[in-house]
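**Q** Going down the list, the sequences are from chains A and R. For the first sequence, the numbering used here begins at 1 and goes up steadily by one. For the second sequence, the numbering used here begins at 108 and goes up steadily by one.
It should be emphasised that the hints constitute simulated quantities derived from the structure, not laboratory data. Mixed in with the good hints, there may be bad ones.
[What the hints assert, rightly or not] Below, computed lysine-lysine pairings styled on DSSO-like, alpha-carbon distance capped at 30 Å:
1. R:Lys281 to A:Lys103
2. R:Lys175 to R:Lys191
3. R:Lys357 to A:Lys68
4. R:Lys198 to A:Lys70
5. R:Lys387 to A:Lys79
6. R:Lys387 to A:Lys68
7. A:Lys79 to R:Lys191
8. R:Lys198 to R:Lys357
9. R:Lys392 to R:Lys339
10. R:Lys191 to R:Lys213
[Stated by the list, open to error] Label pairs and their in silico Cβ distance ranges:
11. R:Asn180 to A:Ala26: 37 to 47 Å
12. R:Arg251 to A:Glu41: 39 to 49 Å
13. R:Asp242 to A:Thr53: 40 to 50 Å
14. R:Asn180 to A:Ser72: 46 to 56 Å
15. R:Pro176 to A:Glu91: 52 to 62 Å
16. A:Thr53 to R:Asp230: 38 to 48 Å
17. R:Pro214 to A:Ile105: 20 to 30 Å
18. A:Glu41 to R:Phe264: 38 to 48 Å
[Stated by the list, open to error] Derived coverage of chain R by chain A (criterion: at least 3 residues anywhere in the stretch with Cβ under 8 Å from a Cβ of chain A; other residues may be distant):
19. 233-241
20. 319-325
21. 331-341
22. 381-391
Quantities reported herein were computed from a predicted structural model and do not represent experimental measurements. Note that CB positions come from ideal geometry on N, CA and C, so glycine has one too.
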Amino acid sequence: MTFVFNCARAALIVAALMGASAVRAADMPVSIDNFVFTPAETQVSVGTTVIWTNNDDIPHTVVDADHKYKSSALDTGDKFSHTFTEPGTYEYFCSLHPHMTGKIIVK
Amino acid sequence: MTHDAHDHEEGATRRKVLECMTWAGTGVLWTLAGGIPRSTGLIGEAKADESKAFSFLQLSDSHIGFDKPANPNANGTLTEAITKVNALPAKPSFMIHTGDISHLSKPAEFDTADQIIGQSRLDVHYVPGEHDVLDDDRKIYLDRYGKGAKGAGWYSFDAGGAHFVGLVNVVDLKGGGMGNLGADQLAWLQADLAARTASTPIVVFAHIPLWTIYADWGWGTQDSEQALGMLKKFGSVTVLNGHIHQVMQKVEGNVAFHTARSTAFPQPAPGTAPSPGPMKVEDSKLRTVLGIRQVNFVPGAERLAVIDTPLAG
Numbered sequence: 001m002t003f004v005f006n007c008a009r010a011a012l013i014v015a016a017l018m019g020a021s022a023v024r025a026a027d028m029p030v031s032i033d034n035f036v037f038t039p040a041e042t043q044v045s046v047g048t049t050v051i052w053t054n055n056d057d058i059p060h061t062v063v064d065a066d067h068k069y070k071s072s073a074l075d076t077g078d079k080f081s082h083t084f085t086e087p088g089t090y091e092y093f094c095s096l097h098p099h100m101t102g103k104i105i106v107k
Numbered sequence: 108m109t110h111d112a113h114d115h116e117e118g119a120t121r122r123k124v125l126e127c128m129t130w131a132g133t134g135v136l137w138t139l140a141g142g143i144p145r146s147t148g149l150i151g152e153a154k155a156d157e158s159k160a161f162s163f164l165q166l167s168d169s170h171i172g173f174d175k176p177a178n179p180n181a182n183g184t185l186t187e188a189i190t191k192v193n194a195l196p197a198k199p200s201f202m203i204h205t206g207d208i209s210h211l212s213k214p215a216e217f218d219t220a221d222q223i224i225g226q227s228r229l230d231v232h233y234v235p236g237e238h239d240v241l242d243d244d245r246k247i248y249l250d251r252y253g254k255g256a257k258g259a260g261w262y263s264f265d266a267g268g269a270h271f272v273g274l275v276n277v278v279d280l281k282g283g284g285m286g287n288l289g290a291d292q293l294a295w296l297q298a299d300l301a302a303r304t305a306s307t308p309i310v311v312f313a314h315i316p317l318w319t320i321y322a323d324w325g326w327g328t329q330d331s332e333q334a335l336g337m338l339k340k341f342g343s344v345t346v347l348n349g350h351i352h353q354v355m356q357k358v359e360g361n362v363a364f365h366t367a368r369s370t371a372f373p374q375p376a377p378g379t380a381p382s383p384g385p386m387k388v389e390d391s392k393l394r395t396v397l398g399i400r401q402v403n404f405v406p407g408a409e410r411l412a413v414i415d416t417p418l419a420g
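So that you can see chain A by itself, here it is in the shape it has in the complex (with noise of 0.2 Å):
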């Protein structure tokens, strides 16, 4: 009995494993090019994360206009992610050069 009540507790996690892998948000890329943030709106599921990659020859970073989360200086080839486990409108910009604005929907 406890073999058999072992198997089937074994068998419940894995399901539960496979479960939670089956549903896990994809990563989502933004790319930064040319002083731009692209894509610069992009709709997510919760548990997304973003993934901001600097392409610039110019250091760049990633900042919440709500001063949720931010990045530090991220040059050339430099990658931030956070990730967006609550749903809402999150608009984001770069600390020095704040004309670059972003926005993030999750849903």
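Starting from the known structure of chain A, arrange chain R on it as the hints suggest.
**A** Quick look at chain R alone, frame taken from chain A:
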């Protein structure tokens, strides 16, 4: 009503004229008399009256640490700029540096810049560019260059009969905006200027231009109008900026605005490229688009000669 309409029309015409910025060619000597610039010829041909001239230099945008294709050797071109400074026939009184000393605010980059610029043996008055304050508390810059300064590094001093004001417009920038002075600095500026007579020549220097050159690229300062309002009472105001890595000039009333070349790499003219990023030019052309600036000031004559000299060509 007719009078109002006439004023409006005149104002609009004046604005239109003022919007036409002067694009300076390489090596043109601009003489400022009563705030109005006159081009007096090419460098080498023109002679400013140097008999009693008080002069200072402007360096800008050294970007020590930058190593991308637009200029893999920013140390080398800064060294060439200092060599040019040291070769000037009349030793300038001091130098101002209008920011982006470093590329990434690294202590080693500032060390290198200090070592190269120090070869001029001139006092240097700095204001930060956005590349110099990448650390959260701006401590690296302020510990090194901010002694005696207020807030994020602003200050003023008197020299040669003129009043110099160094402003900081690269911190606390707001999303969607441009450069920013902020309420604290504006209040300080008001008090600082209140103590000066209207006949005192004023030189204001800051990293980002204090007039809007091109908003799409953030080339302007959000709240500069307030600062410029405080400067209206003065008969001679000269505003010296960097940030855009090219020479541009504009005159509005008694205020003359100038942006300087970088010693590291050029940037495109407004709107002529997909972005304001570093512009790669032919290697043989690089030194013609980098340079230094000398400003001559003759006490009493209220005349400033702003001379932009490229590293070569």
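**Q** Would you list, in rising numerical order, the hints stated earlier that this structure does not obey?
**A** 3, 4, 6, 7, 9, 13, 14, 15, 17 and 21
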